[in-house]
Amino acid sequence: MFPYCSDPNAISGLTWLSCYLTTGKHTSLYLSFLTVLVLLAITAPVALVFGFGGATAARSRFAPLSWLGKGYIGIVRGVPDIAFFLFFVIALDQAFEYLRHKIKCPDWDQPIRQGNDFVVCAAAKLPLGDAPQWVHETYGFFLAVLTFSIIFGAFAANVLYGAMQAVPRAQIETAEAYGMSHGQSFRRILVPQMWVYALPGLSNLWMVLIKATPLLFLLGVEDIVYWARELGGTKTPKFTDYPHEDWRMWYFGALLVFYLVFTRVSEVVLARVMRRLTHGQATMGGEAQRKAAA
Amino acid sequence: MKHLLIATALAALAAGAAQAQTVRMGTEGAYPPYNYIDDAGQVAGFERELGDELCKRAGLTCEWVTNDWDSIIPNLVSGNYDTIMAGMSITDERDEVIDFTQNYTQPDPSAYLAKAGAEVDFAGGVIAAQTGTIQASHVASSGATLLEFATPEETIGAVRNGEADAVLADRAYLEPIAAEDAELDFVGEDVLIGGGVGMGLRESDAELKEKFNAAIQSMKDDGSLNALITKWEIGATF
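Protein sequences appear in the order of chains A and B.
Numbering-wise (this note's numbering), the first sequence opens with residue 1 and increments by one.
Numbering-wise (this note's numbering), the second sequence opens with residue 1001 and increments by one.
It is worth saying that the hints were derived from the structure and are not from the lab.
This structure is a prediction, so every number in the text was calculated from the model and none was measured.
Using N, Cα and C, we set each Cβ at its ideal position, and we do this for glycine too.
Incomplete in silico selection of chain A near chain B, CB under 10 Å:
| id | residue |
| --- | --- |
| 1 | Gly24 |
| 2 | Thr27 |
| 3 | Leu86 |
| 4 | Glu97 |
| 5 | Gln110 |
| 6 | Val119 |
| 7 | Leu128 |
| 8 | Gln133 |
| 9 | Gly140 |
| 10 | Tyr226 |
| 11 | Thr234 |
| 12 | Pro237 |
| 13 | Phe239 |
Throw the hints in and build the complete structure from the sequences for me.
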């Protein structure tokens, strides 16, 4: 990076450190922080949409839709995350490739399952075998987002389902007395009021999601924990210009600080959102706010 | 989400317009001198140099990807990459699931590394090894207590902090560590397990396997493979 870095053996102290911390490998570590943040920024809203869909379906008066919602909540919550990541993502990837194979290679005569192998024609590969590496990485990343969203969506669905039940019956009754239809009272009364009941549960999920990102490496996405382990491991002079002992403690220490700061910032933001949502609600918190203002 | 996936698929289609065959080479990137990540963040090591030369001789374009050791075979058979070059010894168990080219190293002696001066009971002590390796199954069948770790680095750590009496791993991997650290030393005799390291491929990929077999043979014949083995201090030459 810097011109004086050409001979790392000749430098020491802070100069050495400045070179060491700017190697290509460390840049990968810094970029992986970005990967994690982008993943969270996309996953959280998508999971919320899945959750809202699941909860709405579960309380539907149309029985099959209700079974679908309850089935989604029940099954996904019951399967361990790691099993979901090892099995579901590979299955999802194969399902996509199978569909493309059927469309693109109709005259293919070999079986798709050959023993342990999953073989589709070259044009059906997703991404194509000769696509550049970044396409593969992006594809893996979006598979990860989708999987995280499905898992956390199921938990969010259960939280939202509970929150919808928690809105006082009197509120809905009043809405009906005003002549609102079922859909109208759902949109105008139930949904705006349920968030205050849902937020504590959703904030738990957000905290768990922040810390679940190391599962990414199972999908080949190199996250911060992977790079911390790789960079912190003992380096012998034969294989690097910057040999050092087992420094994993320092790297994991830095991750600890990152996670603590991140969760603390989240707590502050969530507390503020909670205050906003409580405003004017028929809850103890809302009542307390009203009295404080009066 | 759907749109994003479609967009990605379209990008992949556009990028793949030129139909040159690219072979994706899967490796672990944590097992020097066979394969490791260098300072620039690229895959390097004996297998990187060997693999690049093999691809050149076979007329293929190759791309390196890293994958966790635990899921390296499932990802190969489901088609996420096309080969494994990760210091993987040829064994009958693995051969049932995937195919191997001919070996590109001699059956590599495995060695025990322990704290200098320590007495190690090979038949009853606690021996560390990486999960899913030939060394792990050797320890399990020897009567010693097997302590498994996900990465090679952790097996060494277990010996350093006294959790394990010794670690069993490829001698080529342990050699630079023993040379660097005065506290660690080889103990006992080397053990010969496995049939040498080979390149793993899907069983349905017979054509690709033949290409690589021919390339390995040509490198064995003109001595360039031996030169690489000597350069990276892998062990015995052919």
